[in-house]
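Note that the protein sequences, when read in sequence, are chains A and B. Here the first sequence stands for residues 4 to 379, where the numbers follow the numbering used here. Here the second sequence stands for residues 4 to 379, where the numbers follow the numbering used here.
The hints are simulated quantities; they were obtained by calculation from the structure and are not laboratory data.
With a straight-line Cα cutoff of 25 Å, these simulated DSS-like cross-link-like pairs (lysine-lysine) come out:
hint, chain 1, residue 1, chain 2, residue 2
1, B, 249, B, 90
2, A, 249, A, 14
3, B, 28, B, 185
4, A, 332, B, 49
5, A, 332, B, 332
6, A, 302, B, 90
7, A, 84, B, 302
8, B, 332, A, 106
9, B, 357, B, 14
2 protein chains.
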Amino acid sequence: MDFKLQYSDTKSNARAGEITTGRGKIQTPIFMPVGTVGSVKGVHFKELEEDIKAQIILGNTYHLYLRPGLEIIEKAGGLHKFNGWEKPILTDSGGFQVFSLSKTRKLTEEGAIFSSHIDGSKHLFTPENVVDIQRTIGADIMMAFDECAPGDADYNYTRKSMDMTHRWLKRGLSRFDSTNAKYGVEQTFFPIVQGAGHKELRKESANFIAECQREGNAIGGLAVGEPPEVMYEMIDIVNNILPKDKPRYLMGVGTPENILEAISLGVDMFDCVMPTRNGRNGMLFTSEGIINMRNEKWKDDFSPIDPAGISFVDTRYTKAYLRHLYIAKEMLAAEIGSQHNLAFYLWLVNNARKHIIEGDFTSWKEKTLKKITTRL
Amino acid sequence: MDFKLQYSDTKSNARAGEITTGRGKIQTPIFMPVGTVGSVKGVHFKELEEDIKAQIILGNTYHLYLRPGLEIIEKAGGLHKFNGWEKPILTDSGGFQVFSLSKTRKLTEEGAIFSSHIDGSKHLFTPENVVDIQRTIGADIMMAFDECAPGDADYNYTRKSMDMTHRWLKRGLSRFDSTNAKYGVEQTFFPIVQGAGHKELRKESANFIAECQREGNAIGGLAVGEPPEVMYEMIDIVNNILPKDKPRYLMGVGTPENILEAISLGVDMFDCVMPTRNGRNGMLFTSEGIINMRNEKWKDDFSPIDPAGISFVDTRYTKAYLRHLYIAKEMLAAEIGSQHNLAFYLWLVNNARKHIIEGDFTSWKEKTLKKITTRL
Chain A
4 MDFKLQYSDT KSNARAGEIT TGRGKIQTPI FMPVGTVGSV KGVHFKELEE
54 DIKAQIILGN TYHLYLRPGL EIIEKAGGLH KFNGWEKPIL TDSGGFQVFS
104 LSKTRKLTEE GAIFSSHIDG SKHLFTPENV VDIQRTIGAD IMMAFDECAP
154 GDADYNYTRK SMDMTHRWLK RGLSRFDSTN AKYGVEQTFF PIVQGAGHKE
204 LRKESANFIA ECQREGNAIG GLAVGEPPEV MYEMIDIVNN ILPKDKPRYL
254 MGVGTPENIL EAISLGVDMF DCVMPTRNGR NGMLFTSEGI INMRNEKWKD
304 DFSPIDPAGI SFVDTRYTKA YLRHLYIAKE MLAAEIGSQH NLAFYLWLVN
354 NARKHIIEGD FTSWKEKTLK KITTRL
Chain B
4 MDFKLQYSDT KSNARAGEIT TGRGKIQTPI FMPVGTVGSV KGVHFKELEE
54 DIKAQIILGN TYHLYLRPGL EIIEKAGGLH KFNGWEKPIL TDSGGFQVFS
104 LSKTRKLTEE GAIFSSHIDG SKHLFTPENV VDIQRTIGAD IMMAFDECAP
154 GDADYNYTRK SMDMTHRWLK RGLSRFDSTN AKYGVEQTFF PIVQGAGHKE
204 LRKESANFIA ECQREGNAIG GLAVGEPPEV MYEMIDIVNN ILPKDKPRYL
254 MGVGTPENIL EAISLGVDMF DCVMPTRNGR NGMLFTSEGI INMRNEKWKD
304 DFSPIDPAGI SFVDTRYTKA YLRHLYIAKE MLAAEIGSQH NLAFYLWLVN
354 NARKHIIEGD FTSWKEKTLK KITTRL
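Let's have the full structure, built from the sequences with the hints guiding it.
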């Protein structure tokens with residue numbers, strides 16, 4: 004994997020760059036739609052490519068490992084062959100899901116023993132086997148196995164957790180470096196900065212991760228309950244330490260506002276379930292502001308969902324019609340909402356990139372934020 | 004509305020024709036996807052037009068009347084403006100839903116008083132107001148308000164029910180003939196043959212309907228529990244009476260097999276929820292046979308869903324991947340299944356038409372039925 008830093012904003016730490024993977028190039032900053040079990044919920048891959056214009060998607064190691072399972076994925080020739088998506092895929096390490104989804108889990112130095120949320124069966128994730136699993140999935144970008152401490156974790160808990168995450172990282176790196184890409188396409192491995200809301204720990208973790216000298220670095224354990232100011236402060240601290248010539252991936256973040264702020268702090272890659280989850284629930288992010296599509300006020304508003312026409316759904320359907328579909332609990336509502344929101348997120352990062360290149364990112368950001376954070 | 008009978012098969016009663024409506028032409032025999040509340044479940048209109056190639060869709064008067072309601076539809080300028088579908092729409096009369104969905108209803112000579120399945124509110128459908136409602140929806144083809152007797156209804160019940168349906172028909176026709184199209188696009192009105200499984204009543208009803216001399220005629224009250232042989236016998240009896248120069252619409256039917264048999268008996272138009280309902284449940288009709296996509300045998304079958312490639316989803320996704328999506332309860336599974344099945348139904352009637360024109364319909368039908376009714 005290669006990263007070219009193409010433009011650096013002079014009034015902020017925002018950057019525009021290009022990642023080259025074995026499966027093509029990615030223009031940054033970029034948002035990665037989440038394809039939990041190998042499918043971006045409610046959206047055809049054709050739409051992801053042609054309408055939403057996604058350049059890379061995410062897969063969840065925890066989910067894919069449990070279902071369809073590695074045997075099927077390996078037999079298919081990797082996740083790309085299994086789901087038909089030919090562009091890059093990033094997989095998380097499963098750490099976050101082990102802690103958020105599994106009803107029972109036990110953390111030891113060796114790894115995490117957890118029970119499947121599907122059938123209760125017991126499994127063990129270790130820093131090593133999580134590398135093996137991601138190799139088998141065929142991820143273009145793999146993530147280190149980590150413990151994600153809660154947003155309000157105290158200093159002692161966070162230090163212990165972070166130290167173990169660092170030891171796990173060393174073990175993961177060693178497994179990664181001693182194994183090969185599985186399907187003839189290069190794979191890379193990102194370490195993850197932890198440290199919850201503690202500045203000194205974030206600094207220590209960022210230094211530890213920077214020293215690993217990997218092709219890209221991730222910031223984990225944010226947007227997990229802490230106030231946004233704390234999140235921005237932590238990102239700023241970490242990005243002042245992480246190497247400038249490598250892409251920085253802020254995991255699981257966030258709202259359109261979070262994303263623009265984090266871009267201005269030097270983040271290059273994002274993923275979040277928010278566009279699809281909110282899309283299913285009727286909460287739409289549009290170029291004019293935030294819309295609760297179930298609100299009665301839209302019942303006879305026959306204007307397009309979003310006049311900006313980012314996705315074909317924006318002008319094809321009206322607000323009144325889409326509201327009707329949500330109220331009538333029609334599947335198509337969730338499909339339209341998900342597709343629109345994803346297209347909006349990609350439009351947002353593409354525009355951020357454009358304005359970084361044009362040199363007016365900060366003023367564009369301020370103007371845009373005022374609009375898109377308004378509740379309509 | 005105009006109907007041109009273009010080809011008549013010599014070895015069966017199958018016909019190919021062309022219906023001209025105020026919103027374009029329809030090649031028959033045709034299948035009409037069901038858009039219950041103004042949306043074909045799980046499928047974008049863009050896909051209906053470009054991939055499935057639907058020429059006309061159905062809307063349900065009962066559902067649309069309750070939600071979004073006539074005020075909104077009228078304000079939008081009719082259902083076409085509301086949902087953005089520009090081709091013809093046929094609406095049923097709501098009779099079937101009043102009897103199947105409403106928990107309480109009372110039938111009188113005047114009409115049917117029923118309670119909404121949504122909020123329990125009381126409503127009255129009469130032969131007259133059902134015409135008014137369909138005018139307001141802006142249906143290109145409207146249906147008479149009828150009582151649909153159960154498939155096993157006895158002679159006395161069926162006679163009483165049919166006689167009332169005929170009296171209702173006269174009232175509906177009189178309302179239709181004394182009112183005008185609402186949005187400047189012509190609307191037509193189809194009467195419905197009833198009579199359950201009783202030959203003499205079917206004959207009587209078909210004669211009654213034929214005498215109405217309308218632009219098209221429908222056969223109702225079939226595929227409601229009676230054996231298929233009874234259904235075919237009734238269709239045959241009725242079609243020998245209904246005028247040859249008008250399209251014949253068999254309501255709510257059915258399986259691919261039912262459709263091919265009914266085409267050979269001279270039916271021109273079909274609708275059924277089966278392709279979308281089965282699509283949501285994982286039952287796929289393919290050019291090679293019927294697939295229960297949830298079956299474990301597909302878990303590592305990486306061949307395309309349907310090698311015939313009727314819809315883009317057929318070759319874009321594999322059986323193994325689609326099975327995984329159903330098992331993981333991913334929305335995309337229902338979307339793919341619905342889209343495939345609808346495309347298959349349209350492919351089926353288009354092929355029937357082609358072979359009627361080419362003169363080998365019956366041999367093609369026999370060969371095709373053997374294949375497509377096989378359980379894979």
